[in-house]
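Each number in this note's numbering corresponds to the 1-based position in the sequence shown with 843 added.
Do not rely on the hints blindly, as some may be mistaken.
Said to hold, decoys possible - Listed next, with one range per pair, are the computed distances between beta-carbon atoms:
id : residue 1 : residue 2 : range
1  : Asp879    : Lys903    : 15 to 25 Å
2  : Thr964    : Asn915    : 29 to 39 Å
3  : Asp939    : Asn894    : 17 to 27 Å
4  : Asp911    : Asp939    : 28 to 38 Å
5  : Lys903    : Met977    : 26 to 36 Å
6  : Gly952    : Ala907    : 12 to 22 Å
7  : Thr964    : Gly918    : 33 to 43 Å
8  : Pro936    : Arg986    : 13 to 23 Å
9  : Pro906    : Arg986    : 17 to 27 Å
As the list claims (entries may be wrong) - Distance condition first, Cα-Cα at most 27 Å in a straight line; then the derived DSSO-like pairs of lysine-lysine:
id : residue 1 : residue 2
10 : Lys893    : Lys921
11 : Lys968    : Lys893
12 : Lys900    : Lys988
Rather than coming from a laboratory, the hints here were simulated on the basis of the structure.
Don't be surprised by glycine CBs; every beta carbon is placed ideally from N, CA and C.
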Amino acid sequence: MKNYALFGAFVMALFLSASALHAQSSPVGIWQTIDDESGEPKSQVEIYQKNDLIYGKVVKLLPAATSDKCNNCPGDKKDQPLIGMDILWELRPYGDYWSYGRIVDPKDGDVYKCSIWLDGTDKLKVRGYLGLSMIGRTQIWHRVK
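Starting from the given sequences, assemble the full structure and let the hints guide the process.
Here is the structure:
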């Protein structure tokens, strides 16, 4: 009987460890963005998964945000409130990163191809680019605890 209890505890520990490892390797969560010019925290974006794709929506604007609307965004995003807006959409898993999605820069309304990947558990690298990934810029977002 003791062996069954020990085996059960081992299996449970193994399961919990695997779950924790998977959670740490996922970008799902709340991330703080940093303004490229001022270096100040600008917003918080919730990265979430829907139908095996990754999306990111603005959930909080911080004092460094220059507007609460996407005044220059294209299409149905134009002049819409930033809070609740998906600024990152349809990223597909590809190895240890997510790619083939899009990101909009709310400041100028430009839409870029996008890839994201984790740098440890608390940093998310977000790369927006036109055409080739080599031609673009990478931001580092920080996980909100």
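Each hint, compared with the structure:
no.	hint	result
1	Asp879 - Lys903: 15 to 25 Å	holds (19 Å)
2	Thr964 - Asn915: 29 to 39 Å	holds (34 Å)
3	Asp939 - Asn894: 17 to 27 Å	holds (21 Å)
4	Asp911 - Asp939: 28 to 38 Å	holds (35 Å)
5	Lys903 - Met977: 26 to 36 Å	holds (32 Å)
6	Gly952 - Ala907: 12 to 22 Å	holds (19 Å)
7	Thr964 - Gly918: 33 to 43 Å	holds (35 Å)
8	Pro936 - Arg986: 13 to 23 Å	holds (19 Å)
9	Pro906 - Arg986: 17 to 27 Å	holds (20 Å)
10	Lys893 - Lys921	holds (24 Å)
11	Lys968 - Lys893	holds (20 Å)
12	Lys900 - Lys988	holds (17 Å)
Of the numbered hints stated above, none is contradicted by the structure.
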